[in-house]
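Enquirer: Chains as they are written, first to last, in the numbering used here: chain A, 1 to 106; chain B, 1001 to 1652.
These aren't lab readings, by the way, just hints derived from the structure by calculation.
Every value quoted in this text rests on a predicted model; they were computed, and no experiment measured them.
All C-beta atoms in this analysis are idealised placements derived from N, C-alpha and C, irrespective of residue type, glycine included.
Hints may contain errors.
[As the list claims (entries may be wrong)] Derived Cβ-Cβ restraints for the label pairs, each shown as a range: (1) B:Leu1639 - A:Thr95: 54 to 60 Å; (2) A:Leu29 - B:Gly1588: 21 to 27 Å; (3) B:Ser1610 - A:Asn33: 17 to 23 Å; (4) A:Arg32 - B:Leu1639: 32 to 38 Å.
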Amino acid sequence: MNLFSQEVPLSWYLLLSAVLFTLGVVGFLIKRNLIAVFMSIELMLNAVNLSFVTFAHQWNAVKGQIFVFFVMMVAAAEAAVGLAIIIAVFRARATLAVDRIDLMKL
Amino acid sequence: MNGYLHLWLIPLLPFAGFLINGILGRRLPKWLVTTVALLAPLASFGVVLWSAMLVWPSTEPDLPPVVMPHLETIGNWLGIGTLHIDFSFVLDQLSLVMLLVVTGVGFLIHIYSVGYMGDEEGYARYFSYLNLFLFFMTVLVLAGNALLMFVGWEGVGLASYLLIGFYFQKKTAADAGKKAFIVNRIGDFGFLIGMFLLLANFGTLTFSTIGTMLGADPGWHGGVVTVIALCLLLGAAGKSAQLPLYIWLPDAMEGPTPVSALIHAATMVTAGVYMIARTHILFDHSPFALGVVAIVGAATAIFAATIALVQNDIKRVLAYSTISQLGYMFLGCGVAAYSAAIFHLVTHAFFKALLFLAAGAVIHAIGGEQDLRKMGGLWKKLPVPFAVTTVGVLAIAGFFPFAGFFSKDAILYAAFVQGGSGRVLWFVGLVTALLTSFYMFRLWYLAFMGQPRHEEAHHHATPPSMLVPLAILALLSIGGGWIGIERFAGFLAPSVGARGAENGSAQLELILSIVAVAMALLGWFIADLLYRLKPARPAELAAALPGGYRLLANKYYVDEFYGATVVKPLLAISKYVLGWVVDVGVLGGIAWLLAGIATVAGAILQRWQSGNLRSYAAWLAAGAAAVLLFLVVPWAALLAGLTSLHFGMAGH
């Protein structure tokens, strides 16, 4: 039995997606640099995208793929706005450490 | 209903005047304010005259006749269970007489006010209050049930308060307004309790229904009827300034003089007498309450008259005289001579309004001076006020043929023919007549006779708008009594019952009136002796009887007595018990406790809002994980269900 002729099982994709998502969450929580935090968010989004595509393939439904496009579009917009905010924050505060951007604290 | 008779217009027209002048008055030109202020009572008076014409038999054969008592129901006010209270107005002989006095004298005093208040600030405000007073007074008079009467009753109290405190920047005036209002609250408490008892025992507040129920069942005697009547008497004593609640009326003289004339002499203070006459059936069923009315009246009459003997403020003399004359009216009510009391109410409205307005003209002319000791010799400079005051003095002293003679005589006669204790009441009334004559002539001599004791520089001319009402009221004071008590009582009989004169005779009436006039002459004679022939004598008398003089001059120390026994303890309770214990301690404590809880809770919860992005994110992730756990793992949901079940049970 050829190992490579077989399809990759569904669970592997999902496992990969979960691992990526968890990495994103953990990165979001522990990274101090704002840009790294931002990249973690992207990682989470793409982890979700992977599970969308997986299910779309599994159920032969195109909806999941369309949803991925939406997510990518939102992620692109978010990147544009988010990076602009990061630049503005850096100009104002001369730092990108998340812990020091706490103006809303009482 | 009668298509020609519109009773609702009588109160509503002054109310419209109040609204116009009250809301727009400050922006309107003065002539327009005056026009509105005068048109409202004039139109109201016109409607009253029209109503009188409609009810008068055989004046207008073309018009459908109106039978009195005529009931006009405008709409339902309250409907609670079996209790129905309407906005209903009643036109009967009693309310018609009262309406003629209120709107007629009221209109004259409005005219007078145009001259008197001409240069005052708040001209429009003054007239809006005056119109408001007429609105409430006509509601009071027309009311077909006790609750609507109470609306008018409170309303005239409000108008009185506003007008006493018209010069509100003056502390004494503002205080006098409050005093009048607060003392009247005590009386109103009695009125309210009386109404509650009426509701509890009769189930209605409509005067006519109560009358029918009392008339139908002879079992209503004493007991609860007495209690109701005494409660109503307390209300009447408050409004009509009788013992022991008279103390507000002398202070009410802080208001402008036309107000004293209209509200605190001619109309509002007679509301108590009117109320007793309106509910006379209750009093007729309780001889005890009737006796109390008579005693209160007689005591007030002589009590106030003695105080008036030594007062030096011209308006205060008249104020005590008003209290004394109101005492006469109560005395009349107390011997069930309601028509005589109402007759005296009418003539008193004429001559007391006249006296007040004449006093106002004097005060106006000599630049605001009210002290009799600083007047004197004014007859030459102020001939018209002098002439009309003379008429007023003769009328109030009860000289034939002036108005006061007829009405005072009717009351004294009614008291005398009652026999027994009525003779005592008659004697008290007679002594009061002597005192009345004395202090009124004392006023007359001090103000108009003798040498001038004032500066001439401040003299003002009296405008015609003040002179015309004086002239009309003087004519009424001379001729008003000629209606005669027989005709008057005959007219009023359907409303207040026939005049009881079983033991009397025309001869007795003649003798009694001769005695009364003799008393008035004696009073004049003493005043003449003391204030014309021997002007030094009053001071000597005062010096010879220092205790008695001081007692009278200080008004029997009643204000001081009330101050020590009622006001001071109340203030102390308010300050220490209510102020410190209840307000600061209990209420303030609760407020501080709630604020403390909020502060502590905030201090704990604010840690959540760290401002740290990662902590928010961690909470977010934890929340998401919890939801996931809930959805995916069955035993977690089971646990949650158990928890809510547990809390649900604990909640019950």
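Enquirer: Taking the hints in turn, state whether each one holds.
Expert: Hints, one by one, checked against the model:
1. B:Leu1639 - A:Thr95: 54 to 60 Å: violated, 44 Å
2. A:Leu29 - B:Gly1588: 21 to 27 Å: Given a distance of about 48 Å, which is not inside 21 to 27 Å, the answer is violated.
3. B:Ser1610 - A:Asn33: 17 to 23 Å: holds, 19 Å
4. A:Arg32 - B:Leu1639: 32 to 38 Å: The hinted range 32 to 38 Å holds for A:Arg32 and B:Leu1639, with Cβ atoms some 37 Å apart.
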